[in-house]
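J.: As a plain string of letters, each chain reads:
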Amino acid sequence: MTLGQGTEASLIVDVVFWVLAVSSIVAAFAVVQMRNLFRAALFLIVSFVAVAGMFVLLRAEFIAAVQVLIYVGAISVLIIFAILMTGEVETGSPAHSLRIPVAILAALFGILAIFVTVQTDWIILDDVLQSGNLSASATSGISEVFSNTIPWIARLLVQDFVLAFEVASVVLLAAIIGALALIRER
Amino acid sequence: MSLDNFLIVSAIIFSIGLYGALSKRNAIAVLMSIELMFNAVNLAAVAFSRYTVPATLFGRPESGAEQMTHLLLTGQVFSIFIITIAAAEVALGLAIVIAVYRSRSTLFVTDATQMRK
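The listed protein sequences correspond, in order, to chains A and B.
Numbers 1 to 186, taken from the numbering used here, label the letters of the first sequence in order.
Numbers 1 to 117, taken from the numbering used here, label the letters of the second sequence in order.
Hint data in this document are derived by calculation from the structure and do not stem from the laboratory.
Treat the hints with caution; some may be incorrect.
Said to hold, decoys possible - Which bits of chain B does chain A cover? Going by a derived footprint, with three or more residues having C-beta under 8 Å, they are: (1) 28-42; (2) 82-89.
Claimed, not checked - Residues of chain B clear of chain A, computed beta-carbon distances all greater than 10 Å: (3) A112; (4) Q114; (5) R116.
The C-beta atom is built at its ideal place from N, Cα and C for all residues, glycine as well.
Could you build the full structure based on these sequences and the hints that come with them?
T.: Encoded structure:
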């Protein structure tokens, strides 16, 4: 058995993946290359939306929705707000004099990460499912988890990761108070 | 479309973000590049959660595997926490940027040198 109900191996899904991958990478490149900050922020939104589409392809519909709500809806608007508030749209975002060494460093890091990815022999879930090494209950559990992920994410959040969940709320509260204290007119 | 494809896309976006974060002088551009890096890490975490197998499932197929299946989604939970922290980080970062802009009327990180004097 496979996880996808006959849809994941089809050509159209591959095409969608490549469109999303190319658009997210091109938009990310535009973010760092655009001199106009406002346009860079708009390309950042394009990149976020493309990555949200890839989350849907990865069967993480909840993460895709959260990505659109938080990144596209909140963070991008916050960044555009800051750009407009400071009015520094025209001066743009020049790179400093160490641009070339930094580019070489980033390229080296990317090549290293891709090399490690290709060289590693990952244990892939679909192969394990097809080999039949798992018990029947585990196999049905896996397909149940991936058919509707949201209840299982909720269970993980409030059972296994409940401490991190509560700490995250304290971190958000501290961020709110800190941002208010920093911005306040004296 | 496999794990490798997603991880390579994630690595490329991360390197672009790394280049932007290290080379830009404008603080808002640095923050945007950092958001790109967060996004790449999220993509990698969710891809791992979809494609790889927890050792508890693979090594001991019969010992409580059905209770452990929900651990398949650990990567997605990680990315939820990363998104939460990213939201807090960008709010604080922009607050600092605006506070610096008010006192020095510049956005360039290379000009914020008060603590060096």
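J.: For each hint, tell me whether it holds in the structure or not.
T.: Quick rundown of the hints versus the structure:
no. : hint  : in the structure
1   : 28-42 : holds (count 9)
2   : 82-89 : holds (count 7)
3   : A112  : holds (13 Å)
4   : Q114  : holds (15 Å)
5   : R116  : holds (16 Å)
Every hint, counting from the list given before, is met by this structure.
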